[in-house]
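K.L.:
Whenever a hint applies, use it, and build me the whole structure from the sequences.
The primary structure of each chain is shown beneath.
There are 2 protein chains.
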Amino acid sequence: MTIEKPVIIGVGMIPVGEHWKLSLRDIAVEALLNAMDDAGVERVDSLYVGNMISGSFIEQENLGALIADWAGLGNVPAVKVEAACASGGAAVQEGAKAVMAGLEDVVAVVGVEKMTDAWPSDATRYLAYAADADWELFHGASFVALNALIMRHYMNTYGYTEEDLALFAVNAHANGAKNPYAMFKGPIKVETVLKSPYIADPLKLFDASPVCDGAAAVIITTQEKAKELGVPREKWVEVAGMGRAIDTINLANREDLLTLKAAKIAADRAYRMAGVEAKEVNFFEVHDAFTVMAALSLEALGVAKKGEGAKLAREGQIAVDANYPIQTMGGLKSRGHPVGATGVYQTVEAVLQLRGEAPEGIQVPNAEVGLTQNIGGTGSNITVNVFRRV
Amino acid sequence: MTIEKPVIIGVGMIPVGEHWKLSLRDIAVEALLNAMDDAGVERVDSLYVGNMISGSFIEQENLGALIADWAGLGNVPAVKVEAACASGGAAVQEGAKAVMAGLEDVVAVVGVEKMTDAWPSDATRYLAYAADADWELFHGASFVALNALIMRHYMNTYGYTEEDLALFAVNAHANGAKNPYAMFKGPIKVETVLKSPYIADPLKLFDASPVCDGAAAVIITTQEKAKELGVPREKWVEVAGMGRAIDTINLANREDLLTLKAAKIAADRAYRMAGVEAKEVNFFEVHDAFTVMAALSLEALGVAKKGEGAKLAREGQIAVDANYPIQTMGGLKSRGHPVGATGVYQTVEAVLQLRGEAPEGIQVPNAEVGLTQNIGGTGSNITVNVFRRV
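Going line by line, the protein sequences match chains A and B. 50 is the number of the first residue of the first sequence in our numbering; add one for each residue after it. 50 is the number of the first residue of the second sequence in our numbering; add one for each residue after it.
Simulated from the structure, these hints should not be mistaken for lab results. Incorrect hints may have been included.
Identical copies carry no separate label here, and so any pair may be met within one copy or between two of them.
Claimed, not checked - Straight-line alpha carbon distances no greater than 25 Å define the calculated SDA-like cross-link-like pairs of lysine to any residue that follow:
1. Lys70 - His188
2. Lys70 - Gly189
3. Lys54 - Asp94
4. Lys274 - Asp94
5. Lys70 - Trp184
6. Lys284 - Arg92
7. Lys313 - Asp154
P.N.:
Below, the structure written as structure tokens:
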């Protein structure tokens, strides 16, 4: 059986930031309605919500019902998908799979997280729920500390410096400065990163993505239905490949701290399903929650050899006009990382690039194929999606 | 395109109870491995986890990675599905849809909840996250209080008494007493319910399901793959119909407090997909988190007319050997209600009934078709699944 690949026909989002005057339902509904407007649809058959941790942050679960109800979608099926910080990427996959299963024609996917309603110390605690509660969190390891461990090990093993890794943040901010939906619109220098305070040595404030609020949405359907709905073909972006894989939830059991094995496996699946190789991909939206994760991701995706991810940044190969553009809209570092929403933001950004609708200065020329990679935990649950112009 | 319906080829569970010596990962893995043993498979392609609220109860999210890792499944895709107390039913649907999408052959679904590690007062608070945090919880409404409101309104509107609704609890306990996996194995009388303390008038302790721990699992695949794996045909149970729908998340916006509209719509979809009518269904595992919900469910599923759900209990029509057997293994009331796991327990129980493997005294004779109905929130997110002997 040949499986027809679904297409994304509409995208929407709100600027990432500290939205103290808006609630989770407000921002989710705004992103969703923006996407429906963009697609020109007035109803959808089903809703998937990507969200990591609204129970802890705002004492609200059951987001499927909450958002579908508040958006006025009627009595549709609606469910939340959670894979820690990869919840957004996983929700896009579940939405696409629902279309492929043939039970639902037009599916909406919303990624949303409202993080600024909690005390910052609580946010740090909640984020650590993505790690192993019994083996890591209980012993006092924060999520930042675990990533600092990986960063130190990467630097020691391959001889990189803090300056080398800072280049990923500099690239992200340079691009994010041109994205009106980014949280931080100020370009930074290597010195900005180096002078920022240590959160967990060697990881500094500017190596890390921010605590923030955000919501993004996409509308997915079959090619047949897209035609029937009269959505202009220039707007279609194919969900060409999808991969997802897990690795050990705690770092102690990991075969190798410096290999994102789950990303490798997820990428292999996504490339195979899409029928493309890494070198045919025009841009990569990777999960730079921490600068070192951008380096490791480039290696796992087959863009750089093992140990050479950070070299790409040093050689200037990750800029929008270079060979391997990454974080073209600012990435998690500058656009922001509203955790459960991130994978959907990446998807929206990939669609805009492939449609040629990215903001001036950060449009990848003639982009045909784009990839998004979304990491949950310290690499324990990773999604890779490949998108293609139709 | 004709869609081939997936089949369940293996089921597993652990007894519901207060498992203070076991962690969430322990019970989830045990149920999962039991299901894999039952199916005779040594590996699966993917894992779906039904869970409502592990972040709040045990400070652990990312259950997909946690459970797949701990069960030794390798680097499979693994994700959590949440729809409040309907998380289990929704996870079964997502697992079946993954098979139907053609991307994964053998899918495992685990429902799990570990509720007894929190203080009881915290459990009450966490469960209310299924309601509307801003419109209900914030103003002091607990989940029990909201259901008491519905119960009082049902009694007032149709002239039922507390005795009438108690009959649902009596039936559940009579059946659960014969189920080795049930939490409460003691039969009760109407007086037991009536003499139990009020939690929220008119709702008494014995109208409500317990806080508890539990895990259940099923293995789903295509009929082709089931054949290839050599699973004997007597073991196959078809996922014949699936429906899911939402209603307003808060009661204040509900058109009618006494109609489970989401259940009606979900049931219509499930019946249509299965090609059966309510009268062809041999037993109904409904969501009796509170006795009144059993009555309303029977009405929404088309088994009783509006306002006559409780009449069925009064007329003795809900027993295992009567016309409309419900809660054949004890239901949420007696088997127990580990919230995110419940929908998967219902599925396991339906499979055992259809295979003719239910315990002595509670086997529905010649059961061909069974239905499970799983409610999230106060009726805001409901799944209905129809299962059939192959």
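K.L.:
Against this structure, judge whether each hint is valid.
P.N.:
Taking the hints in turn, this is what the structure says about them:
Taking the closest pair of Cα atoms, Lys70 and His188 come within 25 Å of each other only across two copies (19 Å); inside a single copy the shortest separation is 36 Å, beyond that limit. In the homo-oligomer, the alpha carbons of Lys70 and Gly189 lie at most 25 Å apart only across protomers (22 Å), although the nearest pairing inside one protomer, at 33 Å, exceeds that limit. For the homomeric pair Lys54 and Asp94, the shortest alpha-carbon distances inside one copy (18 Å) and between copies (20 Å) are both at most 25 Å. Taking the shortest alpha-carbon separations for Lys274 and Asp94, only the intra-copy value of 12 Å comes in at or below 25 Å, while the best inter-copy value is 30 Å.
Only between protomers do Lys70 and Trp184 lie at most 25 Å apart by alpha-carbon distance; the minimum there is 17 Å, versus 37 Å within a single protomer. Taking the closest pair of Cα atoms, Lys284 and Arg92 come within 25 Å of each other only inside a single copy of the chain (18 Å); across copies the shortest separation is 40 Å, beyond that limit. Taking the closest pair of Cα atoms, Lys313 and Asp154 come within 25 Å of each other only across two copies (21 Å); inside a single copy the shortest separation is 31 Å, beyond that limit.
Against the hints set out earlier in the document, no violation occurs for any number.
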